[in-house]
Amino acid sequence: MAAGFASKWSLVGRSLLGGLNNNLSSLLGTSNGITCSHSLSQQQRTFIQMRTVLKVVDNSGAKKVMCIQALKGKKGARLGDTIVASVKEAHPNGKVKKGKVVYGVVVRAAMQRGRCDGSEVKFDDNAVVLVDKQGQPIGTRVFGPVPHELRKKKHVKILTLAGHIA
Amino acid sequence: MRIEKCWFCSSTIYPGHGMQFVRNDAKIFRFCRSKCHKNFKMKRNPRKVKWTKAYRRLHGKDMTQDSTFEFERKRNRPERYDRNLTENTLKAIKTIDKVRSRREAKHIERRKKGKKAQEMREAVKELEQNISLVKAPSVLKEDPSLTLPKIKVKVSHAQVENQPMEE
Numbered sequence: 001m002a003a004g005f006a007s008k009w010s011l012v013g014r015s016l017l018g019g020l021n022n023n024l025s026s027l028l029g030t031s032n033g034i035t036c037s038h039s040l041s042q043q044q045r046t047f048i049q050m051r052t053v054l055k056v057v058d059n060s061g062a063k064k065v066m067c068i069q070a071l072k073g074k075k076g077a078r079l080g081d082t083i084v085a086s087v088k089e090a091h092p093n094g095k096v097k098k099g100k101v102v103y104g105v106v107v108r109a110a111m112q113r114g115r116c117d118g119s120e121v122k123f124d125d126n127a128v129v130l131v132d133k134q135g136q137p138i139g140t141r142v143f144g145p146v147p148h149e150l151r152k153k154k155h156v157k158i159l160t161l162a163g164h165i166a
Numbered sequence: 001m002r003i004e005k006c007w008f009c010s011s012t013i014y015p016g017h018g019m020q021f022v023r024n025d026a027k028i029f030r031f032c033r034s035k036c037h038k039n040f041k042m043k044r045n046p047r048k049v050k051w052t053k054a055y056r057r058l059h060g061k062d063m064t065q066d067s068t069f070e071f072e073r074k075r076n077r078p079e080r081y082d083r084n085l086t087e088n089t090l091k092a093i094k095t096i097d098k099v100r101s102r103r104e105a106k107h108i109e110r111r112k113k114g115k116k117a118q119e120m121r122e123a124v125k126e127l128e129q130n131i132s133l134v135k136a137p138s139v140l141k142e143d144p145s146l147t148l149p150k151i152k153v154k155v156s157h158a159q160v161e162n163q164p165m166e167e
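Residue numbers (my numbering), protein chains in the order written: chain A, 1 to 166; chain B, 1 to 167.
For the record, the hints were derived by calculation from the structure and aren't laboratory data.
A few of these clues could be false.
Partial list, computed: chain A residues near chain B (C-beta under 10 Å) [unchecked claim]:
| hint | residue |
| --- | --- |
| 1 | Ala90 |
| 2 | His91 |
| 3 | Gln112 |
| 4 | Arg115 |
| 5 | Gly118 |
| 6 | Val121 |
| 7 | Asp124 |
| 8 | Asp125 |
| 9 | Ala127 |
| 10 | Pro145 |
Virtual Cβ for every residue (Gly too), placed ideally from N, Cα, C.
All chains, please: the whole structure from these sequences, using the hints.
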C-alpha cells in the first residue's frame, strides 16, 4: 500500500515537472508497473531524468547534483550515459561550486541494465562522475565500484581511476 | 564465460540467467532467479531458509566433506588453451559429477535409514529400568517369570518384552 501510494505520488510529482516529460513519464509509469506484477513491496527503479538527485563519487568538490537533462534517451539516462546536471551541494573549497551546470557520467544506477551475456546488473544507488564537455573527468579519484559498461562508452579514464570494476 | 553460484541458494547460474547486485562496498551478489533475489531483498538469511543448500549443509542434510569437492575450486588464473587438457577436463567433469551424485545419494539414504539397532537397545533398557511404572515391584518379585531374563538372545528378548505389555 505504501508503495502504491509512493507510485501515485511519484506520478503526480512527475506531472508537475516540465511539460516535456508529461505523457512520457505517465506511459513509463504504467509500462513499468506492468513488467513487475506485484509492485506492492518492490520498488520499481526507473531512469535518471530531470530532477533526479545523484551522488557525486569523485573528488571534484561537488557532493550532490540534480539532473537537468539526459543526453541521449527519450525516457532518461541509464548506467553509462552522460547527463547535464546542476550542482546542488558542494564542498566549501572544491573545483566545482554550487549552482554550476556540469556534465556527468552515470557510474551507478539503481535501475538494472542488461549485459550482453543476458544477465542484469544493478547497484545500490545513483552515482555520477563529473566530466567536462570532452568527456574527461574533472576529479582525480573515483570512489566505489564502477561497471565495465563504461569501456564500451569510451570512458576509459574513469575506469583507470576506479578502485573496483564491477 | 564463467558459471557462477547463486548467493542465496547455491545453485549454478548459467550465462544469460539471473541478476547481479553490486553493493557500494563492491561486494557482488549473484542470484539465479528472482525468487532468490526477492528473498535477499527481504533480508532473509539463507542459512535459515529450508530449501537452500546453505541450510542443508549446515544441518547435515547434505554431504559436506568429500574429495570430489576439491576439483571444483575456483581458479582465477586463465589456462592456455590446450586441446587435450580441455578434452580430459570435460571427461573428468562427467565422471566426477557421477561419483559425487552417487555419494550424495548414499549420504541421504544413510540418513533416512534410521537407527534400528540403537532404538532396540534403548527400548530394552527402558523396559528394564522403568518396569515399575507398569507393574508394582512386589508383584514382579513373587512371580519371577514376569521379569526379563538377562539372556542376550534376540528372539527371546522380543517375546519377553511383549509379556508385561499385554498384562
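To see whether the hints hold, each was checked on the structure:
1. For the restraint placing A:Ala90 at the interface with chain B, the shortest Cβ-Cβ distance is roughly 21 Å, beyond the 10 Å limit, so the hint is violated.
2. Hint status for A:His91 relative to chain B: violated, with the closest Cβ pair at about 20 Å, above 10 Å.
3. At its closest, the beta carbon of A:Gln112 sits 7 Å from a beta carbon of chain B; the interface hint therefore holds under the 10 Å criterion.
4. At a threshold of 10 Å, the smallest CB-CB gap from A:Arg115 to chain B is about 8 Å, leaving the interface hint in force.
5. Because the beta carbon of A:Gly118 sits about 3 Å from the nearest beta carbon in chain B, less than 10 Å, this interface hint is met.
6. Because the smallest distance between the Cβ of A:Val121 and any Cβ of chain B comes to about 5 Å, under 10 Å, the interface hint for this residue holds.
7. The closest approach between the C-beta of A:Asp124 and any C-beta of chain B is roughly 5 Å, which is under the 10 Å cut-off, so the hint is satisfied.
8. About 7 Å separates the beta-carbon of A:Asp125 from the nearest beta-carbon of chain B, less than 10 Å, and the hint is met.
9. Taking 10 Å as the C-beta contact cut-off toward chain B, the hint placing A:Ala127 at the interface holds, the least distance being around 9 Å.
10. Taken as an interface hint, A:Pro145 checks out: its beta carbon lies about 4 Å from the nearest beta carbon of chain B, inside 10 Å.
When each numbered hint is compared with the structure, violations occur for hints 1, 2.
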